[in-house]
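Enquirer: Turn these sequences into a full structure, and let the hints guide you.
First to last, the protein sequences are chains A and B. No gaps in the numbering here: position 369 of the first sequence is 369 in our numbering, and each next residue is one more. No gaps in the numbering here: position 95 of the second sequence is 95 in our numbering, and each next residue is one more.
The hints are simulated quantities; they were obtained by calculation from the structure and are not laboratory data. Every residue, glycine too, gets a C-beta built ideally from N, C-alpha and C. Check each hint, because a few of them may be wrong.
Distance ranges between label pairs, derived from CB positions [claimed, not checked]:
#, chain 1, residue 1, chain 2, residue 2, range
1, A, 13, B, 53, 52 to 60 Å
2, B, 52, A, 96, 43 to 51 Å
3, B, 18, A, 135, 20 to 28 Å
4, B, 110, A, 288, 47 to 55 Å
5, B, 12, A, 231, 39 to 47 Å
6, A, 257, B, 36, 49 to 57 Å
7, B, 54, A, 163, 38 to 46 Å
In silico contact screen, one side only, chain A against chain B (beta carbon under 8 Å); selected entries [said to hold, decoys possible]:
#, residue
8, 5
9, 6
10, 12
11, 154
12, 367
To be clear about the criterion: a stretch of chain A counts as covered by chain B if any three or more of its residues have a C-beta under 8 Å from a C-beta of chain B, and this derived list gives those stretches [to be verified]:
#, segment
13, 90 to 96
14, 212 to 224
15, 325 to 336
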Amino acid sequence: MESILHGVEGYMYPNEMELQWSVLIVLYPFITGLVAGAFILASLERVFRVESVKPTYRLALLTALAFLLVAPLPLQLHLGHPERSLEMYLTPHTASAMAMFGFVYLWYLMAVLVLEIWLDYRRDIVRLAQTATGPLRYLYRAMTLGSYDVSEEALRVDDRAGYVITLIGIPSAFLLHGYVGFIFGSVKANPWWSTPLMPIVFLFSAIVSGIATVMLLYMAATRLRQATIDMRCLDTIARYLFYAFIIDFSLEMLDLVHRIYEADESFHTLDFMVKTRLYLPHIVVQIVLGTLVPLGLLALTQLVNLTERARRGTYALAGVLTLVGIFAMRWNVVIGGQLFSKSFLGYTTYKMAFATREGLLPAVLLMILPFVILWALVRLLPPWTDGREAETAA
Amino acid sequence: MKVLFGHKDHLVRMAALFLAGIVVFLVLKAVFVPKGFGVYGHYRAGALEENRAHPVAYAGRAACVECHSDVPETAKGGGHAFIRCEACHGPLAAHAGDPGEHQAVRPESKVLCARCHAPNVARPARFPQVDPAEHAGDEACTACHTAHNPRQQKEGAK
Numbered sequence: 001m002e003s004i005l006h007g008v009e010g011y012m013y014p015n016e017m018e019l020q021w022s023v024l025i026v027l028y029p030f031i032t033g034l035v036a037g038a039f040i041l042a043s044l045e046r047v048f049r050v051e052s053v054k055p056t057y058r059l060a061l062l063t064a065l066a067f068l069l070v071a072p073l074p075l076q077l078h079l080g081h082p083e084r085s086l087e088m089y090l091t092p093h094t095a096s097a098m099a100m101f102g103f104v105y106l107w108y109l110m111a112v113l114v115l116e117i118w119l120d121y122r123r124d125i126v127r128l129a130q131t132a133t134g135p136l137r138y139l140y141r142a143m144t145l146g147s148y149d150v151s152e153e154a155l156r157v158d159d160r161a162g163y164v165i166t167l168i169g170i171p172s173a174f175l176l177h178g179y180v181g182f183i184f185g186s187v188k189a190n191p192w193w194s195t196p197l198m199p200i201v202f203l204f205s206a207i208v209s210g211i212a213t214v215m216l217l218y219m220a221a222t223r224l225r226q227a228t229i230d231m232r233c234l235d236t237i238a239r240y241l242f243y244a245f246i247i248d249f250s251l252e253m254l255d256l257v258h259r260i261y262e263a264d265e266s267f268h269t270l271d272f273m274v275k276t277r278l279y280l281p282h283i284v285v286q287i288v289l290g291t292l293v294p295l296g297l298l299a300l301t302q303l304v305n306l307t308e309r310a311r312r313g314t315y316a317l318a319g320v321l322t323l324v325g326i327f328a329m330r331w332n333v334v335i336g337g338q339l340f341s342k343s344f345l346g347y348t349t350y351k352m353a354f355a356t357r358e359g360l361l362p363a364v365l366l367m368i369l370p371f372v373i374l375w376a377l378v379r380l381l382p383p384w385t386d387g388r389e390a391e392t393a394a
Numbered sequence: 001m002k003v004l005f006g007h008k009d010h011l012v013r014m015a016a017l018f019l020a021g022i023v024v025f026l027v028l029k030a031v032f033v034p035k036g037f038g039v040y041g042h043y044r045a046g047a048l049e050e051n052r053a054h055p056v057a058y059a060g061r062a063a064c065v066e067c068h069s070d071v072p073e074t075a076k077g078g079g080h081a082f083i084r085c086e087a088c089h090g091p092l093a094a095h096a097g098d099p100g101e102h103q104a105v106r107p108e109s110k111v112l113c114a115r116c117h118a119p120n121v122a123r124p125a126r127f128p129q130v131d132p133a134e135h136a137g138d139e140a141c142t143a144c145h146t147a148h149n150p151r152q153q154k155e156g157a158k
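Expert: Right, dumping it as structure tokens:
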């Protein structure tokens, strides 16, 4: 009791003193956001025919897959008993958004991402099945499904099918992350969360974080491969990041202005919280460092003629700050929403443990895991289109 | 297959794989979803019978008062009058059924009282709260207070 009471101020209901949703629940929307965002970036090339972002198309798809595979793990770790999660599929409750999400997840994973990646890579898979050596060869053979037809006609069929899947994939990506926002936005007892704007704010912040991640990964991977960066591609991604960020920031400000102007009975409590306990993560990290600074940097690249080197540096800094800002946004929503009492008379503190099931260590490991999976995927299915894939795969 | 579907052969194979996945899912559903699930609602109908079959653990206040009619008299008008007997004494159906065979255990007052009366900022300020060690040292709460009506102090209490 002593340890729980430490950090509690004013009046809290007993079940509010200790936070039930930990840092793992912060990771969950952050990771799914990266999935949705990376996929939207990939769809720019496929559906909207933005040719200049082509070098990142496959990387974006693999990034989305790597993060999607990890997305449910924070929830599994938070809830415990992962074997029970399958019951969500066997006996789904149609009135539960969380239960229905299981199907959205499965649909997005299998019918959208895996299928699109398979179709796009089929020519490479067939080639690798015939040229690769060692145990990997059997994996590639299995991935061909026994069909080695990579004739012009067959590839045209793949292209058409891939286009249709991307078309279906865009609303699916919107559904995937819109749902995450919906889960928070629909909690009517919590004024920090309860707003119909929440799904759309989450969605746009997801797009922003996904684009920033793929942009950074592309820059890092190009450097690691000692290849030349395609500046036309990088400039275009940065421009789309800038546009998406402006929409995201406008939506967040709309939400904020609306709250301030409406000033309902919860306003003083939330206002006090933002000015005290959430000042650093919300005002300093999320709004100033994580939004205004990267927006300013991206605006600078649009307005001033910078050298390639300066642009690369600016994009890298803006990308990192963007991810910090979006993570802070998830943190402020999830943790911030549990720091104040529903009596509006008290506040508690989030005490994060280290090496426990929901502590900092598993959170850091979960954040590293998608990059390990991505590394394996890139080794298995090289996404590079500049002629170096053969040497990487072989 | 190849002859039948021409250049769409690989798509048909993938569709067959998906179909196989769906069939596996349906088989798993048939095997793992318990019988009677969903008959009355989103639960297993058989659970009702299983719950009904559990032995009753609580006797209820009326059963207690049948023998211990003096306790409600003592509690009358006090802060504990509204508390059910088994909230403090635990489940007593076995004792009520055969008092000779099953003895009721008197709760440890130092532990039991602190559960509700130890200081806690979440409790209303007017609710009686004391630090048991500071208030009474090693003395049991019931050395001074009457458990069923704590405002009544026992003879000789300080």
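Enquirer: Confirm or reject each hint.
Expert: How the hints compare with the structure:
no., hint, in the structure
1, 13/A with 53/B: 52 to 60 Å, "37 Å, violated"
2, 52/B with 96/A: 43 to 51 Å, "27 Å, violated"
3, 18/B with 135/A: 20 to 28 Å, "26 Å, holds"
4, 110/B with 288/A: 47 to 55 Å, "54 Å, holds"
5, 12/B with 231/A: 39 to 47 Å, "43 Å, holds"
6, 257/A with 36/B: 49 to 57 Å, "54 Å, holds"
7, 54/B with 163/A: 38 to 46 Å, "59 Å, violated"
8, 5, "6 Å, holds"
9, 6, "11 Å, violated"
10, 12, "6 Å, holds"
11, 154, "4 Å, holds"
12, 367, "30 Å, violated"
13, 90 to 96, "holds (count 3)"
14, 212 to 224, "violated (count 0)"
15, 325 to 336, "violated (count 0)"
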